[in-house]
Amino acid sequence: MPATKLSKAAQDHASRVFDLDVSSLRELNQALHNLTSGSNETAWEVVNPKGSHSVAVGVDQPVSIDVRGSVGYYCAGMNDGAAITVHGSAGPGVGENMMSGSIVIKGDASQYAGATGKGGLLVIEGNASSRCGISMKGIDIVVHGNIGHMSAFMAQSGNLVVLGDAGDALGDSIYEARLFVRGKVESLGADCIAKEMRPEHIELLQGLLDRAGVTGVKPSEFKRYGSARTLYNFNIDNADAY
Amino acid sequence: MCGIVGLFLKDKSLEPQLGSMLSQMLISLSDRGPDSAGIAIYGAPSKNEAKITIQSARPERDFRGLDAELAKAIGAPVSIAVKSTHAVLRTVPGKVDAAREALQSIRPDVRIMGAGEAVEIYKEVGLPEAVVDRFDVRSMTGTHGIGHTRMATESAVTTMGAHPFSTGADQCLVHNGSLSNHNNVRRELRREGMTFETENDTEVAAAYLSSQMAHGKNLGEALEGTLSDLDGFFTFVVGTKNGFGVVRDRIACKPAVMAETNQYVAFGSEYRALTKLPGIDNARVWEPEPATVYFWEH
Numbered sequence: 001m002p003a004t005k006l007s008k009a010a011q012d013h014a015s016r017v018f019d020l021d022v023s024s025l026r027e028l029n030q031a032l033h034n035l036t037s038g039s040n041e042t043a044w045e046v047v048n049p050k051g052s053h054s055v056a057v058g059v060d061q062p063v064s065i066d067v068r069g070s071v072g073y074y075c076a077g078m079n080d081g082a083a084i085t086v087h088g089s090a091g092p093g094v095g096e097n098m099m100s101g102s103i104v105i106k107g108d109a110s111q112y113a114g115a116t117g118k119g120g121l122l123v124i125e126g127n128a129s130s131r132c133g134i135s136m137k138g139i140d141i142v143v144h145g146n147i148g149h150m151s152a153f154m155a156q157s158g159n160l161v162v163l164g165d166a167g168d169a170l171g172d173s174i175y176e177a178r179l180f181v182r183g184k185v186e187s188l189g190a191d192c193i194a195k196e197m198r199p200e201h202i203e204l205l206q207g208l209l210d211r212a213g214v215t216g217v218k219p220s221e222f223k224r225y226g227s228a229r230t231l232y233n234f235n236i237d238n239a240d241a242y
Numbered sequence: 001m002c003g004i005v006g007l008f009l010k011d012k013s014l015e016p017q018l019g020s021m022l023s024q025m026l027i028s029l030s031d032r033g034p035d036s037a038g039i040a041i042y043g044a045p046s047k048n049e050a051k052i053t054i055q056s057a058r059p060e061r062d063f064r065g066l067d068a069e070l071a072k073a074i075g076a077p078v079s080i081a082v083k084s085t086h087a088v089l090r091t092v093p094g095k096v097d098a099a100r101e102a103l104q105s106i107r108p109d110v111r112i113m114g115a116g117e118a119v120e121i122y123k124e125v126g127l128p129e130a131v132v133d134r135f136d137v138r139s140m141t142g143t144h145g146i147g148h149t150r151m152a153t154e155s156a157v158t159t160m161g162a163h164p165f166s167t168g169a170d171q172c173l174v175h176n177g178s179l180s181n182h183n184n185v186r187r188e189l190r191r192e193g194m195t196f197e198t199e200n201d202t203e204v205a206a207a208y209l210s211s212q213m214a215h216g217k218n219l220g221e222a223l224e225g226t227l228s229d230l231d232g233f234f235t236f237v238v239g240t241k242n243g244f245g246v247v248r249d250r251i252a253c254k255p256a257v258m259a260e261t262n263q264y265v266a267f268g269s270e271y272r273a274l275t276k277l278p279g280i281d282n283a284r285v286w287e288p289e290p291a292t293v294y295f296w297e298h
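These protein sequences, in sequence, are chains L and Y.
Going by full-length UniProt numbering, the first sequence opens with residue 1, and the numbers climb by one from there.
Going by full-length UniProt numbering, the second sequence opens with residue 1, and the numbers climb by one from there.
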């Protein structure tokens, strides 16, 4: 993207532009970590990420960050309050252990998107690959496309919404996370079962779709999956399975 | 960890740049593996010529006069082109096995990297940039190629433990991952008469594919077989004389990104490897599915 056009756009939004062709990733993340509460630098733009790892990790102020291009591993990890948009695709571990705030991936996300996330909203407008939402602990994840195998493995709490299909072993060994899938599920993992969509789930799901900017899709088109709660405690009858 | 790359050109006008494109892709993944690096380049195959890439730890001693001595031993013309620790021997088709045998007696310390009508293989201990410079890979022309930068897990850091591994004419393979049943598979393949240079798991995968193709399977079918016969973690990128294939195991924890345009098909362990390819912003970019075979042929 031509730099002149960007700086014009940047001026319009009075955002601070970081060009990763010129500045190092460490400088970017340090500048983001130096932000203090009430800072006027609330809009950031990162250009030329070119698959860099760890872009905008550990941000703990409510700023907006637009990343213009695709990123590598661990983008926006541990996000605590920022609104981060990747105008491209993300590599493995995007939004890992997010605490709060939002992350929007305009393209696809690779493995373990949103892993162990405790809060906030992760929206993937393309597809997510395997292990999406693995061990999620309160994060909300909305995927416009499909998700890969072993997604929501040992998911503890939070909501995973999938507008497309889910791969093998969805929700294996799941605890109390709620999974909503609109398309087909290749197979369910151990102790994950289809559950009734009650009015409170319809309401919850509508809220999630609204927050993720999804239109033209009704909550009634989804099926809900969750824990059968048979693996919570050790049962001597299952000893052979270990 | 390891980093792997592959590039299969559809557009002939890019062929003079294959070496430089593949080199740049591999160098961008240097921090995925600092131990050793290697590249296989497929030039235009010639029906009238067979190429054998050899390597020696003492090239001055081993390569001097080798062409004449080998020609005499096999009764056919031989030329030699030396590049650092490697050399490419050219002779007539049908004399490759005789040349292999003769090399064992006239140059016992020389190791064979690969042979065929099209492939040349260069690999050494060191970072990708050093290896690429040493063999002047950037200037190489070709139709397709694969590369690897290694972080060793299953065997020693040596030239012979570096990838690509070649176990059949114009066949080679790079691997990110580790195999757990390679000893068993190696034993079975030895019984079939295949020979191994190392204790490396990846060499077994390469030999497995060579064996499958020797039994009449095409590249796609051979790759399909890895899903049931090889146990462990793998993303494989494979080259044959006119083909290029990719497969990942069912768990697919080893990363992979692919891009396709009208001009090429490209593979990288990470998107970083693809960012400088022409037209990448408008390419179809995707993550190859687990347990799914992808292959292209010219």
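These are computed hints drawn from the structure, not numbers from a lab.
Computed from a predicted model, the values in this text were never measured in an experiment.
There could be a bad hint or two in this list.
[Unchecked claim] Below, in silico cross-link-like pairs of lysine-lysine (PhoX-like), each with a Cα-Cα straight-line distance of 25 angstroms or less:
1. Lys195(L) with Lys223(L)
2. Lys106(L) with Lys95(Y)
3. Lys106(L) with Lys118(L)
4. Lys47(Y) with Lys10(Y)
5. Lys276(Y) with Lys50(L)
6. Lys276(Y) with Lys217(Y)
7. Lys106(L) with Lys10(Y)
8. Lys50(L) with Lys254(Y)
Each hint tested on the structure:
no., hint, in the structure
1, Lys195(L) with Lys223(L), "holds, 7 angstroms"
2, Lys106(L) with Lys95(Y), "violated, 56 angstroms"
3, Lys106(L) with Lys118(L), "holds, 22 angstroms"
4, Lys47(Y) with Lys10(Y), "holds, 21 angstroms"
5, Lys276(Y) with Lys50(L), "holds, 9 angstroms"
6, Lys276(Y) with Lys217(Y), "violated, 35 angstroms"
7, Lys106(L) with Lys10(Y), "violated, 29 angstroms"
8, Lys50(L) with Lys254(Y), "holds, 20 angstroms"
Comparing the model with each numbered hint stated earlier shows that hints 2, 6, 7 do not hold.
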